[in-house]
Each structure stands twice: as structure tokens, then as C-alpha cells.
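Enquirer: Sequence order for the protein chains is A and B.
Counted the way my numbering counts, the first sequence spans residues 1 to 441.
Counted the way my numbering counts, the second sequence spans residues 1 to 441.
Certain hints may be false.
With the C-beta cut set under 7 angstroms, the calculated list includes, among others, these residues of chain B facing chain A [stated by the list, open to error]:
hint, residue
1, R31
2, R32
3, Q35
4, P137
5, G292
6, F296
7, M304
8, V311
9, R319
10, S338
Since the hints were made in silico from the structure, they are not lab data.
C-beta: ideal position from N, C-alpha, C; glycine also.
Number of protein chains: 2
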Amino acid sequence: MKRICIGLIGFGTVGTGVVRTLQENGHVIERRLGQKLFLKRIVDLDLERDRGVRLQDVILSRDPLDVIADPEISIVVELIGGEEPARSIILEAMDNGKHVVTANKALLASRGNEIFEKASKKGVEICFEGSVCGGIPVIRAIKEGLAANRILSMKGIVNGTSNFILTEMTKGGRDFRDALAQAQLLGYAEADPTLDVEGIDAAHKLAILIALAYGTKIHFGEIFVEGISHIERTDIEFGMELGYKIKLLAMSRWHDGCIEARVHPALVPVGSPMSTVDGVYNALEIVGDAVGSTFFYGFGAGMMPTASAVVGDIMDLARDLSKGISGRVPPLGHPWESLEDLPIKPMEDVVTNYYLRFTAVDKPGVLSAISGVLAKHDISILSVVQKGRRGEPGVPIVMMTHEAREGSVRKALREIETLPVVVGKTQLLRIEDESLRESSK
Amino acid sequence: MKRICIGLIGFGTVGTGVVRTLQENGHVIERRLGQKLFLKRIVDLDLERDRGVRLQDVILSRDPLDVIADPEISIVVELIGGEEPARSIILEAMDNGKHVVTANKALLASRGNEIFEKASKKGVEICFEGSVCGGIPVIRAIKEGLAANRILSMKGIVNGTSNFILTEMTKGGRDFRDALAQAQLLGYAEADPTLDVEGIDAAHKLAILIALAYGTKIHFGEIFVEGISHIERTDIEFGMELGYKIKLLAMSRWHDGCIEARVHPALVPVGSPMSTVDGVYNALEIVGDAVGSTFFYGFGAGMMPTASAVVGDIMDLARDLSKGISGRVPPLGHPWESLEDLPIKPMEDVVTNYYLRFTAVDKPGVLSAISGVLAKHDISILSVVQKGRRGEPGVPIVMMTHEAREGSVRKALREIETLPVVVGKTQLLRIEDESLRESSK
Numbered sequence: 001m002k003r004i005c006i007g008l009i010g011f012g013t014v015g016t017g018v019v020r021t022l023q024e025n026g027h028v029i030e031r032r033l034g035q036k037l038f039l040k041r042i043v044d045l046d047l048e049r050d051r052g053v054r055l056q057d058v059i060l061s062r063d064p065l066d067v068i069a070d071p072e073i074s075i076v077v078e079l080i081g082g083e084e085p086a087r088s089i090i091l092e093a094m095d096n097g098k099h100v101v102t103a104n105k106a107l108l109a110s111r112g113n114e115i116f117e118k119a120s121k122k123g124v125e126i127c128f129e130g131s132v133c134g135g136i137p138v139i140r141a142i143k144e145g146l147a148a149n150r151i152l153s154m155k156g157i158v159n160g161t162s163n164f165i166l167t168e169m170t171k172g173g174r175d176f177r178d179a180l181a182q183a184q185l186l187g188y189a190e191a192d193p194t195l196d197v198e199g200i201d202a203a204h205k206l207a208i209l210i211a212l213a214y215g216t217k218i219h220f221g222e223i224f225v226e227g228i229s230h231i232e233r234t235d236i237e238f239g240m241e242l243g244y245k246i247k248l249l250a251m252s253r254w255h256d257g258c259i260e261a262r263v264h265p266a267l268v269p270v271g272s273p274m275s276t277v278d279g280v281y282n283a284l285e286i287v288g289d290a291v292g293s294t295f296f297y298g299f300g301a302g303m304m305p306t307a308s309a310v311v312g313d314i315m316d317l318a319r320d321l322s323k324g325i326s327g328r329v330p331p332l333g334h335p336w337e338s339l340e341d342l343p344i345k346p347m348e349d350v351v352t353n354y355y356l357r358f359t360a361v362d363k364p365g366v367l368s369a370i371s372g373v374l375a376k377h378d379i380s381i382l383s384v385v386q387k388g389r390r391g392e393p394g395v396p397i398v399m400m401t402h403e404a405r406e407g408s409v410r411k412a413l414r415e416i417e418t419l420p421v422v423v424g425k426t427q428l429l430r431i432e433d434e435s436l437r438e439s440s441k
Numbered sequence: 001m002k003r004i005c006i007g008l009i010g011f012g013t014v015g016t017g018v019v020r021t022l023q024e025n026g027h028v029i030e031r032r033l034g035q036k037l038f039l040k041r042i043v044d045l046d047l048e049r050d051r052g053v054r055l056q057d058v059i060l061s062r063d064p065l066d067v068i069a070d071p072e073i074s075i076v077v078e079l080i081g082g083e084e085p086a087r088s089i090i091l092e093a094m095d096n097g098k099h100v101v102t103a104n105k106a107l108l109a110s111r112g113n114e115i116f117e118k119a120s121k122k123g124v125e126i127c128f129e130g131s132v133c134g135g136i137p138v139i140r141a142i143k144e145g146l147a148a149n150r151i152l153s154m155k156g157i158v159n160g161t162s163n164f165i166l167t168e169m170t171k172g173g174r175d176f177r178d179a180l181a182q183a184q185l186l187g188y189a190e191a192d193p194t195l196d197v198e199g200i201d202a203a204h205k206l207a208i209l210i211a212l213a214y215g216t217k218i219h220f221g222e223i224f225v226e227g228i229s230h231i232e233r234t235d236i237e238f239g240m241e242l243g244y245k246i247k248l249l250a251m252s253r254w255h256d257g258c259i260e261a262r263v264h265p266a267l268v269p270v271g272s273p274m275s276t277v278d279g280v281y282n283a284l285e286i287v288g289d290a291v292g293s294t295f296f297y298g299f300g301a302g303m304m305p306t307a308s309a310v311v312g313d314i315m316d317l318a319r320d321l322s323k324g325i326s327g328r329v330p331p332l333g334h335p336w337e338s339l340e341d342l343p344i345k346p347m348e349d350v351v352t353n354y355y356l357r358f359t360a361v362d363k364p365g366v367l368s369a370i371s372g373v374l375a376k377h378d379i380s381i382l383s384v385v386q387k388g389r390r391g392e393p394g395v396p397i398v399m400m401t402h403e404a405r406e407g408s409v410r411k412a413l414r415e416i417e418t419l420p421v422v423v424g425k426t427q428l429l430r431i432e433d434e435s436l437r438e439s440s441k
């Protein structure tokens, strides 16, 4: 049997995990496949650093072309991350008839359509299980396991860094800055944490999930994104008092051809499966019309969990190669030609429940002034918590609302912020609690 | 393109769900596959009952041969359940070159090896995602998504009926008989509930999971099985007091070529993901050496969840058929020839933590007599709860042990039961709490 040769471009953390997995589990992999995988080449700029893995029979070099141009290599694993040169490398590899495995969510979210179209034209495959939820096989679940379903909604904690920070704020009573510093100390957050804490990484992943679930081209730019840097300890405390934990959620919902898609912090009910997902864990709830609610949970990143996904993809390609086929399951689970351009629902039209924390002067009539404006905008109040805090310039008033339109809530808040009794900006958070949704009853 | 024809044998609950899914989600399925699936024939003994689905262009009949012998049909869906005639139908269908989809865990657990060998010899496929955990794609996860891992352990709630009964006993304060009657009333339990409440159905599923995870032939008979009919309300109450919920678990653990495999009620820590799985939900934790702990959760049975899995399997086969291949992923994720005959660890050699509830006369020296026997057998005590209950012939003494060998515990109990101060049989339950395991520290 012809040996299946792999070229790895990017010998960083995940790349090292892939080499370790191929070596340490070589026997397990070979027994499953009925054949050996052969890692022929590794390309990286840094060829000196000791990664703690033995490299026998592997050709190391610095030029990606060494992999892309090697006629014996059929699978190219791109693990350098970021947009360029990853994009050019992948496109060129495909031009040379190579199949590609990547975990590069930023690239797929921004340039996925170009890459998937190229794969379709060249008759090659691209696998990217490692790009969302690390080692948890959620991409495969949507593309194959749940393929008989219309996906009604998805809701997930898909960014470990921000989940770690929120968990530290909740359990450790830290504020955002402290919790971020702790995450940076432990290596969970980058020096510039913007991608993680501002929800952008989560939106990259949601863009990929949506394309898979609904058979639409990738529309990253249209997803509503809000991060967690404005979350204060007082919100975490009020949330707990009301029976909720604050989590950064990536969500989508099917509305007959129009897709709701948003990433933002949200209050989730204590005791729900999602509320038990702490630290750097990830989770994704997928609701299908036949299967009902399914829930997937595990490590969302890290050397070995991501390597588990990447090597799983390599094995998938090896199975196709040994049968002499390609394109059995298209990258987005739908043939390229049948992908649609489904619209994303404007955020103003999204309907959900709201947590509003006003800061007001401690005077009679404040509550009536605020609730009057809300009523005018058709927003009805579910509950109110008001607490006097001595020595502070304003007192917090927290309201939970019945379901309301985002656009109306924003308009009402703009009006409320002009009231002389209201000081400072109002905190707006969304509540994701199925038991409060009138529309689902 | 040639149309892909399906024959369905067994038009009961799940069969009806399959027909509904193929009809209602026909557009979703066709978009994913790039081709139509055509349900050509349905076989059932009862052709009169109205199942609430329209049947246009479907040929109904009573003889399985009508499907098996139809040269246009390439996929046979067996949903009659039980051992015979399901076994003969599947074998004959394979002899005729048909691929098979089934959800028949009892058959696969008892005759799987014969069926998988036949599939290998005839070059046909057999898919059975619906046989374990209903619509949650756990079989696919083990065969493909986590294929790069050595599976270190699996732990699951895989029988919805017994989980419903235990949930009723825990939340509703019912005893076993009452909770069972409630389950029967709601249609969750059969008139003869033995398969479910005695752990046999869970063991069927565990046998399948083990074969997939470790590449071994199916060894159903060697799995240790204990049901939940001996669980008393007092055990549920003591468990809660100690911080545990009682769940019927199916478990396996890898010991360097030897497999621990057992189904029994166990105490799981309150607050762990497994403890949140209530009612008819199922869940499976799979721990791989690369991926770490992954957790899958959803409906474990029922018309539509199981249909979701069955139609997912049909789509998988359709993808292979349209590429003209077969056997891309073998039924157990390993080529038939490479399957091993791995031994199951004898239950006496299993090491875990124990909950022991003794019933003793309320006299001085009882605790010392019992703990003396335990010490003699090398079983050390982690905690003791003793409660006087007026008006009862014996008082309960509950002990939690450090890790101990099952064989030693059983020997000690036999000796303790001969003590004159001990009245009645001792309740032995196992505690599955990773934080108590010395061996994992």
C-alpha cells in the first residue's frame, strides 16, 4: 500500500501536539486505519528550539514551498495561524492538489469562502475540526451526526480565555482587570487580549458554525459582537442574586431563512448545563428539530486537545485517500454550489430578555420615571432590585424585562439616560433563559 | 444520477420517526447530500394503523423479503428490534449486497461479531448510531472525531428509563416501586421492565462502546451488571447527605490491554456534569489521552431523537454510495481482521470507593466490630454516619471507604453479616468520584 505522507507547516504549540499524538498514539492510529501515517516534513522559522519530541526521518526546513511542492505529500497541515501567509500557503497547496487540515478560525472566518471555493474547484478537501471547541468533535456532529436535522439554534461558550476570566470574577470575586492579569499570568490570555475578551474569536467560531449548520456562505462581518470588558463585579453579584451566571455566549437561531447571530455576555440560569461550564472549558448546545437539545462539553483549546482534532482530521483524509476519493463530505457539509447567502437578522430586531442596571440618584419618583419610559417603548418589567448604597453618588437599580426588541430597548435607554435623576451609563446585558421566553411557550 | 433507494423494515415508533424525518426534512437532507433519498418500501406486520404520515409512492408489504430481494434498494433499515427475525433479516440483506442501518443494541451486543464479520466478508456497511444514546452522535465521536486518542475511560448514563426512575426517587421522594409505576404510566418503562431496571440494556450499549473504543470483539457476557431495583429511598437520602446522587452508570476503563467494564448504580458527586443529567436524558463522558475529558448529553431515546441518528446513518451510506465506495470506516472503527480479543477485568479485581449501609442493633461495640473486620481485609474507612432511629429493629450505619478491591469488600461483608450485632443484608454501592481516587492522583 502506498504510504500517506503529511507535511506540517507551523511547529508551535499545537504543531508539537500533533507530532506527539502521531508518535505516542501511532499504534492506536495504525490499528484504526489499517495503515501507517508518515510525517515527512515540518516547516517552521525556528528550527532550533527543543520541543521535547524525537524527530526521526522528518525533514525540517524553513520554506513552506518545501511541503507544498513535495509530490509525495498529500496532506498539508497548516498550523501557523493568522491571515497571511496562512491563506497563501493553503491556496497554493490546494493548487498543487493537496488536501489541507487547519485549525485557523480567524482565517476561515475572514477568507473561508475563497478557500472553500478553491477546494471545490480543485477537488481537494479542507478539514478544520480544531478551529471550533478544540478537541470536542462539534463540526463533525453538525456536518454528519446531526445532518438529518434542521438546526433550530446553537448556543455556546466557545472562547476559553473569556470564560476563565468570567469564572475568576464569579468564583474569586475579582474585577475584570485582575482576572485578565491572572489569565495572562497563566498563559491563557495573550499580551493583547482583544481577540478573546472583545468576543472576536468567539464570533470567528460562530461564523463557521453558522455556515455549517445552515449551508450558507460565511458572513463574519454581520455578526453582532460585544465583549466582556465592560462587565463589573456588581453585575456578577446582581446576576447571582437573581439566579444567573454571566457567560460570554455565541448564539444563533433559525428564523425561516433568516439567521439570528450574536456574541455577547449573557445571564444564564444557575443549574443549567451551560452554567456548569467553568474555567477554560468550552461547550456547545445544538438544538435540532428531530434530535432536540444536544450538549457537547470539553477542553476548547490547548496543545493536546487541538492536536486530537487535527489528527482526527488527518485520519479522515487518510481514509478518503486510501479509497481513492475526495469530497465525500464537502467542507461546509453542503456542496459549494448549493450554499446560500442567507441574511443575518439585524441586531435591532432581535427579541430577548434584558438585565438593565441603572445608576440613579436616591430620590422619590426615580423608579416611576424609568419605568414610564420603558412602558412607552413597549418594554415590560419582570422584576426590580433596588438597593441603597450609602456614600455612593448614585444607587443601582436593576431590572429584568420580559421579552423585548433590542431596538426598542436601546431607544428607551437613550431616553432614560437624559433623565436628570439618572447618572452615568446604563449597563445592558441580555438574559438567555428559555423559561422566560414567551415565544417558545 | 442514480437514485438511492431505501427499504424500511419495522414501522413502529422509530420507523415512523424515520419516515417523518425523511419527509419533513427532505429539503435539508437533499441540500446536504446534493441528491434525493427515495424511501421505496416499508415492511411491517401491521399495515392498517394510521401513523400520521403520508405515504406516497411507498410500497407497503408484510414480507421482509420484499425489501431484501429488491435489486433497486441499496440501504436496508432494520427497526424491528430484538434478536430474531432481525438477525436473519440483516444477514440475508448483507448476503444480497445491501448496506444496513439498525438501532438494535440487544442484537449487536449478543450477535454483533457474527454480523460485523459478515459485513466485512460481503464488503457492505452496517451503521448503528441510534443504538447508543439515541440522537447524540457518540458512536461517530469514538470512531472518527476522537480516533487519534487512546480512550482511557468512558462513563455514561445510557438508559433513560432507569435514570427517570432514579430522578423520581431523588426529586419526588418516591420509592422504587412507585417510581417504576410512574415510568410505566408515562410510557417510559415496559410492562416487563427487566431489561431497563436490571442494567441489561445499559450493558448492551456498553458492550458496543467498548468494542468501538478499544478495537475488540464484543464481549457482552463478561460485563458486570447490577440494576437499580435494590436501591432504597434511605440510600438516596444518605447519598444526598454525603454530597452524592445515585445514578445507573455504564463504565469502562483501560488498564494496559485489560478492560474494566461494569454497569451498576453509583454515587456521583452533586455538581459534577453527570449529576445534572436527570429524567430520560442520557450522557456519556469519554476521556481520551490527548483530548482529555469530553462530555456528550441529550435525549437517549424516543421517536425523533433515534430517527435523527438513523437518518444520519442513511445519509452517511448515501455519501459512500454516491462515491462508489464501501467500508471507508469499518463498523467498529477498526478493520475486522485487526480486532483483538481483549480480556475484561474480573469484577473482584476492580478497585473503587464504596458506600456500605449496615443494619445493626443499637449496642456499644458495633462500630468497632464492623470496622475491625474491614481493617482485617485492608479496607480503610473514609467517613461514618450513624443514626439511631427509634422504633426500628436495626439502626443504619453508613460508611464510605477509601479505595478498595471489590473482592476484599465482598469477603469482608460476608464475614460482617455473620456478626450477631448485624441484622439483615448490607447495602453495597460504589462511589464514582475522581477526587477520592488515590490511583489517579
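Enquirer: Against this structure, judge whether each hint is valid.
Expert: For each hint, the structure was consulted:
Residue-level restraint check for B/R31 holds (minimum Cβ-Cβ distance to chain A is 5 angstroms; threshold 7 angstroms). A distance limit of 7 angstroms between C-beta atoms decides the matter here; for B/R32 the minimum to chain A is near 5 angstroms, and the interface restraint holds. Here the hint on B/Q35 is broken, as its CB sits about 10 angstroms from the closest CB of chain A, past 7 angstroms. With 7 angstroms as the threshold, the beta carbon of B/P137 comes within range of chain A, its nearest partner Cβ sitting at about 3 angstroms, so the hint holds.
Hint on B/G292 holds. Least Cβ distance to chain A is approximately 5 angstroms, under the 7 angstroms limit. Annotation: interface hint on B/F296 holds; nearest CB of chain A at approximately 6 angstroms, less than 7 angstroms. Nearest Cβ of chain A to the Cβ of B/M304: about 4 angstroms, under the 7 angstroms cut. The hint holds. For B/V311, the shortest C-beta to C-beta distance to chain A is roughly 4 angstroms, which falls under 7 angstroms, so the interface hint holds.
For B/R319, the interface hint holds, the least distance from its beta-carbon to any beta-carbon of chain A being 5 angstroms, beneath 7 angstroms. Taking 7 angstroms as the C-beta contact cut-off toward chain A, the hint placing B/S338 at the interface holds, the least distance being around 5 angstroms.
Violated hint for the displayed structure: number 3, the only one.
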